[in-house]
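Asker: Grab the two chains, each in its own frame, and use the hints to assemble them into the complex.
Spelled out from the first residue to the last, the chains are:
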Amino acid sequence: MLKTFAKGGIHPPENKYSANQPIVSIVPPDTVTIPVTQHIGAPSKVIVNKGDAVKAGQVIAQSEGFISTNIHASVSGKVVKVDSIVDSSGYKRPAVFIKVEGDEWLEGIDTSDALNENISVSDEEIIPKILEAGIVGMGGATFPSHVKLSVPRGKNAEFLVINGVECEPYLTADHQLMMEKGKELITGIQILMRGLRVKNAYVGIENNKKDAIKHLTVLAANHQGIEIVPLQVKYPQGGEKQLIKAILNREVPSGGLPIDVGAVVFNVGTTFAVYEAIQKNKPLIERVLTVTGKSVTKKGNYKVRTGTPMKHVIDAAGGLPEDTGKVISGGPMMGKALNSLEVPVIKGTSGILIIPDEEAHRKPVQPCIRCTKCVQVCPMGLEPYLLQVLSEKSMLERAENEYIMDCIECGSCSYTCPSNRPLLDYIRLGKQQVGKLIRSRKQ
Amino acid sequence: MDKLLSVAPSPHLKSSTGVPGLMFGVVIAMMPVLVLSVIFYGLGAIVVTATAVASCVLFEAIIQKYVLRHKITVSDGSAVVTGILLAFNIPSDLPVFMIILGSLVSIGVGKLTFGGIGNNPFNPALVGRVFLLVSFPVDMTTYPNPTGLNASLAESYIDASSGATPLTLIKEGIKAGKPVSELMTQVPDYADLFFGDMGGSMGEIAGIAIVIGFLYMLVRKIITWHVPVVIVSTIFAFTGILWLINPEQNADPLFHILTGGVLLGAVYMATDYVTSPMTIKGQVIFAVGIAIITVVIRVYGAYPEGISFAILIMNAFVPLINRYVKPKRFGEQLSNG
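In order, the protein sequences belong to chains A and B. For the first sequence, our numbering assigns the number 447 to the last residue and increments by one with no breaks. For the second sequence, our numbering assigns the number 338 to the last residue and increments by one with no breaks.
Take these hints with a grain of salt, some might be off.
Unchecked claim - As a list, the in silico DSSO-like pairs of lysine-lysine whose alpha-carbon atoms are at most 30 angstroms apart:
no.: 1; chain 1: A; residue 1: Lys-315; chain 2: B; residue 2: Lys-15
no.: 2; chain 1: A; residue 1: Lys-214; chain 2: A; residue 2: Lys-203
no.: 3; chain 1: B; residue 1: Lys-282; chain 2: A; residue 2: Lys-397
no.: 4; chain 1: A; residue 1: Lys-397; chain 2: B; residue 2: Lys-72
no.: 5; chain 1: B; residue 1: Lys-222; chain 2: A; residue 2: Lys-7
no.: 6; chain 1: A; residue 1: Lys-7; chain 2: A; residue 2: Lys-187
no.: 7; chain 1: A; residue 1: Lys-11; chain 2: A; residue 2: Lys-397
no.: 8; chain 1: B; residue 1: Lys-15; chain 2: A; residue 2: Lys-302
no.: 9; chain 1: B; residue 1: Lys-327; chain 2: A; residue 2: Lys-397
no.: 10; chain 1: B; residue 1: Lys-66; chain 2: A; residue 2: Lys-367
no.: 11; chain 1: A; residue 1: Lys-302; chain 2: A; residue 2: Lys-218
no.: 12; chain 1: A; residue 1: Lys-49; chain 2: A; residue 2: Lys-307
no.: 13; chain 1: A; residue 1: Lys-103; chain 2: A; residue 2: Lys-85
no.: 14; chain 1: A; residue 1: Lys-397; chain 2: B; residue 2: Lys-176
Simulated from the structure, these hints should not be mistaken for lab results.
Just chain B, with the same shape it has in the complex (with noise of 0.2 angstroms):
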């Protein structure tokens, strides 16, 4: 008798890039940007993103094996990455019991109720973080001011001194009939929004931190460059133009790149797999419509910021987009002509 051989379909080889890798890739690009809110706004930084973490992953494993009495996979990291992101969206100073609110929505009604990892229609951490933002508009809008690694932790996170972002600033100020001139000055100038001294939600002060995560992703190819380039280069045209049409009542198109979480969530929220489309050309309008909708809500809208909202918005889409945005076939062309 010959020894039993393995028998299976071709192809016999494999990549070794799995799911957990990349998930763990985009876990370390992440940690840039980690690093930059912590020496800003100190341990409150490190007690959000280990509360978000731990309950999201927690929730994972639970609502799996009581619930759903389905395999654990929590292994696959994917958790891991909506806890990040979720701390990434809130404040450096909000209570502990929401983070662990927002981090039950952001996986039990924003991922596992749809399937789990794979089928979700909507980005898990912003589901939460607007589910955050509508519950409690207070917390959700008061950003602690930087107070630097060395404040303890009374100073950082229970009783931080609180003040608006710098996006809430000229917002509200336009409203008021100020001028952009004038507004600008009150708030910090391009290398501080750009370094992170700032007001804002944990993931989006650090500019600097956010588009090294992003070259990191993309020469270990873990994502494309289309969803960030396209979102960025597109809200800098809108706003360019409404900037140039009046100066005096929109703030200019730098300014919008740099605040706001554009960077933040075009590089890590846009570009999620699950929630994005699959092909290059549907990433693009993808793109372009997070682009428009955010600039929409910013100029127009109720709220100073926008892209969370419009990355939601677009996720909508995202299956139409797949239906009717195909890639180019190879040999299309000569055969339709």
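Only chain A is shown next, with the shape it has when bound in the complex (with noise of 0.2 angstroms):
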């Protein structure tokens, strides 16, 4: 029996067309779009200006404060504007506008494919590194990779632990890196642990994905220290709270951070970014993401530079449907549906789903039958048919005692509502107004 989490959880059905389509690179548009908020934190202050020459993988925005992260150049050119445009949340924020000219990189930079499996930096160099390269959670969540790595004190690292799960419906783009970049993944698995200072790492791989958890195993065999975890196939299971109760059985406590209970998670696409950073010397301005959907020609995973518009990686994939009803960054479950094509790729955009019309719209909502089904698939124990009311209703104090702020936003519950209710909305808005309450007491 493989291990999974233990509550809650939903199988959604898995559509990974684009599995094993090997990684192709997209050139580069005209003109990239870099947002300097591609993370969670402060925004990064932008250091250049208008009409500056900028190489690819030069600093154009720096970290401001602990919790942030550095922003670089995804291409060489021109910088033609700083402005505000609508990101993939829908709000307007800053973003350097580059004409591309050329593809070149700041000295330094090794971009080539080669292996360097040799580790020979410090460990006191590694986090330094990671800051500098701009490296983020690249699941979706973005939190700024150097923080995670430096311990608070009193807190102790124990694990580290390699997020492989990739427990969205679609998506593929991890998989295809763990087949492709095996060698380089274990390697920066073991730049991390350094970096940590832990004895163990396991990689969580889903069931769903045999044959990366074969080929992980193979090299992993030689590594001591590093395990490669089989588990069930279950939605939320890339939650890092459930993947540690999956793999380590430890619960990260109610409000608590992973840390908390000495597990410290990484997703395989930072870790492979966290190999280019230390080993090719290589800031954070690609990453592998699948572009899929029924009905998009040549779904694929594909290699993108930050700041690329959507509809160029559209475009390369086939271009948009006729029948396109809603393009969603990232999976379906999580993902942020767009209302242009003009927002474009960052640091944590893991997929372009495009769903047809037919499949784009929510169905009439009817009346709680009180089926339960919603608190069975909580993975976090709570109720979300009593959240969702309390939310509505704004008894904000209840909702807070009945432990809305653990909510981790996966979704589970809307999918599974016989009755189409917008659960997920109401606990959304409601998490926004116990927030604004709990900091006001602060206060």
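Answerer: This is how it looks when you write it as structure tokens:
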């Protein structure tokens, strides 16, 4: 019996059409727009001006404060303007527009594909280099990686957990990365283990990727402390709390972080970026993402520079299908629906999913029949039906006491509700209001 | 101008199971029971079921359209479920006007008064059944003897010979001071009880069919096993203790399980979504409560059977149970300790 997390979870159709499609690089567009907020935390401070010439890999916006990181030019060319754009969050945010000229990289960056397994940096250099390279969590949360590696005083990191679960339906980029860059990933894991000073690393992979499990198990055999853990297929196993529960059988306390149970979690995409940063001196300016959807002609896994408009990526994958209803940045369960295809790819973009019009609309909402399915599937042990009502009625203190802030927004409740109730919509609203309430209390 | 895109918050995927699907699943799960009651009670069973279903659906539509001026929601299938359940809870020779009246009370009073599907505190079919029981006690407590499939409508429905249920026989007998061992010779044996050859309301006679329906609903994930299994095992344990203490005063546990609608209530009525608790822990408390009240009514109360009342009484506790019984939260223990 394979391991998995204990509570709740769902089995949506996997639809991993682009599995085993080799990673293809997409030629940069004419102009890239690089938002200065590609991570959780403070926006980076722009240090280039209109007219400046930049090279790929050059810092264009600097980290501001501890929870922030650097942003780099992903192409060489000229800064056209610094202006606001609407990004995938739907908000207007400042971005640097660069007109592409040639493909010249900053000196010292190794752009070759050659494998470098020999880790020559000292343990102390790892965290600063990761900050320098602008690495953030690439599974979608975009939390700056150097912060995760800086274990706070009084806490103790015991395990590194690598997230190769890719539990979102449709997405296959992490899977393909594990297949093509297995050795690089093992080196990345060793770097992270040294940065954290831990002896054990676990790589969690769901059993629908048997080839990746086999491949990495063979590669990890020569390396002490790295164990590949096959997991049952169940959404949302890629949630870090669920993954830690599945692999280590430890529960991150309510309101706590993985480090509270001695674990630090990195996504495989992030781990590969760490490898490139340390071994190739290459900052995070491109990533692998899945472009998929029933009607997409060239479903596949593509390597894309940050700042590339979604439209350019979709065109490279055969263009926007006729029957398109919805375009999602990320997976179908937690991704964001885009209102414009000019939105750029950022560090956290794990995929572009194009949904046909007939599947793009919600069904009419019916009364709650108290079937308990939302309670059964909630991986956090919450009662979504109740939180929805409490949020709707702004009963915020009661909602707080019912642990609304523990919701990880996985969407299992809304997915499963037979009455098509917008459970997560209201819970998100409630979380925002309760968050405000908690902050006002602290002041 | 770009093509206009739909925008909505995640999740963008939706499971295909809707309310009509679930209700239809329950209807399918009740079919074995219906088939068995037709086999034993003949055409009368069909007359009763058809009347109850048709009047429940019609009353829901009429009240929604003309009284509440609300959208008609009969297509969700819940009125069909209520109709079949009501039919299962009444004798198969009950006059048509009583069935219609019971349906009106079920749907009108039991369900729509509270705001329709999802809002009713009590199981609508049981509200209708109890209304009929207190209004027409004689008709509701004399059950036709099984006539078989070949009996004509006249034999099976209009002037079916009627008798008492096994549970009533035992109860009356114990009251009259006869030992249980003697009384047991007058009732059908366990196999007949399980396969349905006894007097009773339409749905309660067929243990085997109910078990099939239960398994079907488990496989389809319409219900979980907790409520039915806890009710049946608690009743078994409780009556077992009483029987061990005094086997001449108390019927044995197997007899209690197989008679008086325990299986029917445990599988189809106590598991009603709307009127049962929202957590597994709460459902177990609810089920234990039903079991204890059922046995107390049977052994110490005035009625021979008791599960209908037990379910209705525990229905009233459901909001309280939901308020205080919570699922185990992820990471809860650690944050408190």
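Asker: Hint by hint, note whether the structure agrees.
Answerer: So, going through the hints one by one against the coordinates:
{"no.": "1", "hint": "A:Lys-315 to B:Lys-15", "result": "26 angstroms, holds"}
{"no.": "2", "hint": "A:Lys-214 to A:Lys-203", "result": "26 angstroms, holds"}
{"no.": "3", "hint": "B:Lys-282 to A:Lys-397", "result": "26 angstroms, holds"}
{"no.": "4", "hint": "A:Lys-397 to B:Lys-72", "result": "24 angstroms, holds"}
{"no.": "5", "hint": "B:Lys-222 to A:Lys-7", "result": "23 angstroms, holds"}
{"no.": "6", "hint": "A:Lys-7 to A:Lys-187", "result": "25 angstroms, holds"}
{"no.": "7", "hint": "A:Lys-11 to A:Lys-397", "result": "28 angstroms, holds"}
{"no.": "8", "hint": "B:Lys-15 to A:Lys-302", "result": "25 angstroms, holds"}
{"no.": "9", "hint": "B:Lys-327 to A:Lys-397", "result": "20 angstroms, holds"}
{"no.": "10", "hint": "B:Lys-66 to A:Lys-367", "result": "23 angstroms, holds"}
{"no.": "11", "hint": "A:Lys-302 to A:Lys-218", "result": "27 angstroms, holds"}
{"no.": "12", "hint": "A:Lys-49 to A:Lys-307", "result": "27 angstroms, holds"}
{"no.": "13", "hint": "A:Lys-103 to A:Lys-85", "result": "9 angstroms, holds"}
{"no.": "14", "hint": "A:Lys-397 to B:Lys-176", "result": "55 angstroms, violated"}
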